[in-house]
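Trainee: First to last, the protein sequences are chains A and B. Each step along the first sequence adds one to the number in the numbering used here, with nothing skipped, and position 74 is 74. Each step along the second sequence adds one to the number in the numbering used here, with nothing skipped, and position 93 is 93.
These are calculated hints, taken from the structure and not from any lab test. C-beta: ideal position from N, C-alpha, C; glycine also. Careful, some of the hints might be misleading.
[Claimed, not checked] Here are some of the chain B residues that sit facing chain A, going by a computed Cβ distance under 10 Å:
1. H51
2. D130
3. I141
4. F172
5. M183
6. A185
7. E187
8. E198
9. R201
10. L202
11. A206
[As the list claims (entries may be wrong)] Here are the simulated lysine-lysine pairs, BS3-like style, with alpha carbons at most 30 Å apart:
12. K84(A) with K156(A)
13. K156(B) with K188(A)
14. K129(B) with K129(A)
15. K129(A) with K67(B)
16. K156(B) with K67(B)
17. K67(B) with K129(B)
18. K129(B) with K82(A)
There are 2 protein chains.
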Amino acid sequence: MTGSAPPAAKERQPRRMRRPAGQTREDILNTAEELFRTRGYANAAIVDIAHALGMSPANVFKHFHSKASLVDAIAARHMETKYKGLASLDDNHPACERLLALARHLMASHRRDLEENPYIFEMILLTAKDDLRCGHRYRDIVRAALETIIVDGCRKGEFAPQDSARAAEAAFYALACVLHPIMIANEKPDILATRCEEVVRLINAALQTALDK
Amino acid sequence: MTGSAPPAAKERQPRRMRRPAGQTREDILNTAEELFRTRGYANAAIVDIAHALGMSPANVFKHFHSKASLVDAIAARHMETKYKGLASLDDNHPACERLLALARHLMASHRRDLEENPYIFEMILLTAKDDLRCGHRYRDIVRAALETIIVDGCRKGEFAPQDSARAAEAAFYALACVLHPIMIANEKPDILATRCEEVVRLINAALQTALDK
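Excised from the complex, chain A in its bound form (with noise of 0.2 Å):
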């Protein structure tokens, strides 16, 4: 056994050697989301995500400087795998309809979200006074998809011509009633639907006529 020692030895990687600081990054992330979804975002304190890592609490600060910066990656991690092409839902149909679909996908998605793991309502509440990275993040997929679609429809005839920048702004600062967490957590769900129709339709009137003076 120990004739075959050396030339495995050869090809592990030494035992000292440093992670990268990405991988350590992702460690840290995937123990924090696991530690919010079983115990809560308040009862999961920054030293308990070093200790369930085997890590240092310094160590953790080190990559993460307060539990807010922690949410504000983990909810940044989650937008990119999850709201990619959004804009592309039925490109095919018309735009008063793609917006509807936009808004519909990106409700149920958050609503299945805070149904799946209630704690990211609390961490939700609990961060509401920080100004978080994501938070823009977001704004700016979702008013990209937004802006897309208007750009077609107004290619297309369907919209009045305008500034689909400034309309998709407005759009989706419309839709925050039936997208932003807060707005739809306790909310039932066949009233969510009729809003989100009523929303989109107010939107999509408005974008007949230009917008712009």
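Knowing the structure of chain A, use the given hints to seat chain B on it.
Mentor: Using the frame of chain A, we list chain B on its own:
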């Protein structure tokens, strides 16, 4: 001196007479509001409110079964005095200007409340899971004000003829992004001012066309 005592005693109400329940309720609300303001919402319990009033906690519970029901009553009282005559704001102006004035007025009022009484934000976060009647009351008041303006606008030919109640409901939700305390608490005033204008512009544009199918 003793000679004049009997008539005075006759005029005075008997000491042990019960205060009307409505007055006790008001006293509880005043004290609760004061304690929430000075100690913060989370740090003032029903037992503290009872103590400050020299009442038994059971007596307070008889009027309010939970802290959430206190919040509900405080908010309701606040609204009745504050949001009277909303729709009559500038009622000689064009409907589209009145919609903007109404949205600005409400947004400014909510911002002032949050700034002057930071406990309100904490209170809203901590009751976010409760379906409070004050939320419905607020919606009814604002929706009615929006509807009055929309009806006027339709009558004067500024807006396309339509189901004003339905349009008011959609407009109310579209405005959540500049009216809901959670959506405005941490946003810069100039950003909110622009957002408010843009969303009202969207609503006004929508009202140029008939929203009903």
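Trainee: Checking each numbered hint in turn, tell me which of them this model violates, lowest number first.
Mentor: Violated: hints 1, 3, 13 and 16.
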